Amino acid sequence: MNSTQTSNTAPHASPAGVLDGIKIIDLSTGVAGQFAARVLGEYGADVVLLEPPGGCELRHPKAIEDRYLFWHLNTGKKSITLDLNSTQGQQALTHLIQSCDMVISDSTHDLQVMCQQNPRLIACRIRDFSPQGPYANWVGNEMIHQALSGLMYATGRADDKPLYGFGHRAYYSAGAIAVSCLLGALIMRDNNSKGQYLEVSVHETAVSMSQNSVTQFAYNATWMARGPYPGPFDIFKCTDGWVSMYCRGDRWSALCQGLGAPQVAEHPQLSSINNLVKNWSLAYRLLQPIVNKLTVEQFLAIVEIARGLASRVNTMKDVLDCNHLAGRNYWHTLADGVTSKPVLGPLFRFSKTPRVIQQGAPDLKPISTWIKESHEN
Amino acid sequence: MKTDALPLSAWRVLEISTAWAGPMLGRILSDLGADVVKLESLDSIDNWRGAVKGDDRKRYPLGEPGLRPYNRNAWFNTQNMGKHSVGIDLKSPIARLAVEELVKSCDALICNFAAGALKRMKLDYEHLIKINPQIILLEMVVTGEGAPLENTRGVGPTMEALAGMTVLTGYGDGVPQRTGPAYVDPIGALNGAMAMLLAARHRQQTGEGQRIELAQRESLMNWYGERFILAAVDGIEIAPNGNQSSVVAPHDAFKTMGDDEWIAIAVSTNAQWIALCEVLQKTEWIQDARFVNAESRIKNSDALNEMITSVIKQHNKLKLAFSLQKAGVCAAPVNNGKDIFEDSHLIANQFMIDVEHPEAGTHRYQGLPFHFDQKKERRQTPAPLLGQHTREILKDWAGLDDQTLDSLIDSGACIQA
Chain A
1 MNSTQTSNTA PHASPAGVLD GIKIIDLSTG VAGQFAARVL GEYGADVVLL
51 EPPGGCELRH PKAIEDRYLF WHLNTGKKSI TLDLNSTQGQ QALTHLIQSC
101 DMVISDSTHD LQVMCQQNPR LIACRIRDFS PQGPYANWVG NEMIHQALSG
151 LMYATGRADD KPLYGFGHRA YYSAGAIAVS CLLGALIMRD NNSKGQYLEV
201 SVHETAVSMS QNSVTQFAYN ATWMARGPYP GPFDIFKCTD GWVSMYCRGD
251 RWSALCQGLG APQVAEHPQL SSINNLVKNW SLAYRLLQPI VNKLTVEQFL
301 AIVEIARGLA SRVNTMKDVL DCNHLAGRNY WHTLADGVTS KPVLGPLFRF
351 SKTPRVIQQG APDLKPISTW IKESHEN
Chain B
378 MKTDALPLSA WRVLEISTAW AGPMLGRILS DLGADVVKLE SLDSIDNWRG
428 AVKGDDRKRY PLGEPGLRPY NRNAWFNTQN MGKHSVGIDL KSPIARLAVE
478 ELVKSCDALI CNFAAGALKR MKLDYEHLIK INPQIILLEM VVTGEGAPLE
528 NTRGVGPTME ALAGMTVLTG YGDGVPQRTG PAYVDPIGAL NGAMAMLLAA
578 RHRQQTGEGQ RIELAQRESL MNWYGERFIL AAVDGIEIAP NGNQSSVVAP
628 HDAFKTMGDD EWIAIAVSTN AQWIALCEVL QKTEWIQDAR FVNAESRIKN
678 SDALNEMITS VIKQHNKLKL AFSLQKAGVC AAPVNNGKDI FEDSHLIANQ
728 FMIDVEHPEA GTHRYQGLPF HFDQKKERRQ TPAPLLGQHT REILKDWAGL
778 DDQTLDSLID SGACIQA
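Chains as they are written, first to last, in the numbering used here: chain A, 1 to 377; chain B, 378 to 794.
Hints are computed from structural coordinates only; laboratory data are not their basis.
Hints should not be assumed to be uniformly reliable.
To be verified - Derived Cβ-Cβ restraints for the label pairs, each shown as a range:
id, chain 1, residue 1, chain 2, residue 2, range
1, A, N274, B, D636, 24 to 34 Å
2, B, S482, A, S193, 42 to 52 Å
3, A, V338, B, G612, 16 to 26 Å
4, A, A335, B, A387, 37 to 47 Å
Quantities reported herein were computed from a predicted structural model and do not represent experimental measurements.
Think of the CB as a built atom: it goes at the ideal place given N, C-alpha and C, for glycine as much as any other residue.
Same shape as in the complex, but just chain A (with noise of 0.2 Å):
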């Protein structure tokens, strides 16, 4: 998306959503939870972010680069404010929980009582670790999350420390979990008339999110680690960028020619593909030089032609500016006051219920405000 594209405003019109008429009352304060919703009410579910007076804390991030994380994890949704440390507020939130299908929180508000007054409500709470257990009252972050899971481990170079990643991957991936709780607990409703009460774990997010890790340790006492992929797979500096290249072994004679280097594919060392694997560092010190004077572009055609995969490392501009991404309709903009923010495409596309988003992220509004304009509708 640059500035001479004309991006989308996300459509309005739409067919009858999967999840019309579902209330969902969204009292999360981090990731997880509002990405949950947020999905939620893509297909129809009317959401309420219900934050304290002054706003939740993602409206107030500290770091520049969750600068719009707010933006992007609300779009769609109502807002009211309520303190619920005040008697008024407790009775406004017992009054709201009476009406709606569906609650979601990542703090200590008491669900199971919600359950008990309205034994329809599906209710879901997302915690960093479950609470029972020896980390019963540990506390996360995202890169204790992906110490915990053994991502972080096999991430990086084996002669140097491990690396978490970055961002709140974890968190995404555990608000995903919550929206298949939560429409998993809808269809058994739909079925029995019954709400339930559904924990999400981070930690055991993350943890089934970490490949093979302990059943190949029970196979056989061994595990992943940092260093070279298992397979033929690295990344190549070229003179104008990186590129991560994956060649199958039948398909590495063929690179090596397009390199112009069959010698490489006929070393003893790296003539099979067991041997290709076993000494895969030895390959990339003989190809890298020859690799590192091509484009990226031109690295990409000779990969091509040997039928392996191989993409360029884009960075966030070389995605906004991706033609296939703008032929797609990916991009949409929506008003966000006087101006107007980008918001990302579905993360699925569905042939016959297409997400729609109605409005960007909301601004806080008193209860009060929210109740009048209610009525007014």
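Given chain A, work out where chain B should sit, using these hints.
Showing chain B alone in chain A's frame:
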């Protein structure tokens, strides 16, 4: 359907998939109650069953591939738990009738083969709805159709690069670093689960099936969408800097006692900093002007990390993590496979399960994080042998008789384990 059944109980799902994203989605759908049948053959084998004659020995029980390595691969056996396997050649004209009968009897089909593969097998949506108008088709592809890159093929590390994720991890030296296990794959599976449940509810309410296109690059981008918006609105791209945070310090991995053992520590408040100094018995650091607040700790992070490293190398990572957490400091051991296998919290919560597999033996597997009221009653079954359920499923689902089955197996179009 029983009124207290799991969300996808009585659902029949066909799976045409390979490696991680597709199979993990199938495993999730099984965990949500569906009967999942993997359609596979020796000619088009799931990559994670490994090479027919065996693969990297780190994937097999005691490093031994055995006579049928494709039934003993830890990678496959993790992501395919709870499923059935029908050994069938999807390209064989002889098997076409059986395939169509399976399609007729199922609720959904999931696939993560390369773009265009289903069409070549005449199993794309246009063909499927002629056989089963209510079917839900979920296709996982790299880039999605209708634009210049629609035929892009990829694996985890190339998809992550394409999606702008690889560039966000690194040591601060300008060299991009991939995620160890390709993170795009499980993220694809989690997206697939959300999509399938949305489509399942829609079908439950209206009787209408549909096609779902899951372009893995596009869904992955949502996992750090705020970074694209920052680049689009303000033109800012933030280069990675190891494990350092821009707002708090220390925030890093520190080497502890042992070979390649590390602890992750993230101090976000002054109180946590004081607690860290006390646990490390370095209370003199509390008064050090270089470290009195987050701003000064970030400014002096090189000296800070050096001092912490010099002390921490004498500690056991797990014991120190418990001590720090008890004092309110955000910390955890950097776990390898052995550590996760032995993780006391996961064990206490029965997150890991011991399952007996007929050709691989009894081993521990990591679970999935879905907890419904009814789930505890569900017994976890192992990943299937290649073609283990061919006769059973082709009889029960496709309605084939013994004579037809014998003929399919004799011709090689189907295999029965």
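Hint-by-hint comparison with the structure:
At about 26 Å, the beta-carbon gap between N274(A) and D636(B) stays in the expected band of 24 to 34 Å. Taking 42 to 52 Å as the suggested C-beta distance range, the pair S482(B) and S193(A) does not conform, at roughly 29 Å. Between V338(A) and G612(B) the beta carbon distance is about 20 Å. The supplied range of 16 to 26 Å therefore holds. A C-beta distance of roughly 45 Å is found between A335(A) and A387(B), which places it inside the suggested range of 37 to 47 Å.
Hint compliance for this structure: hint 2 is the single one not met.
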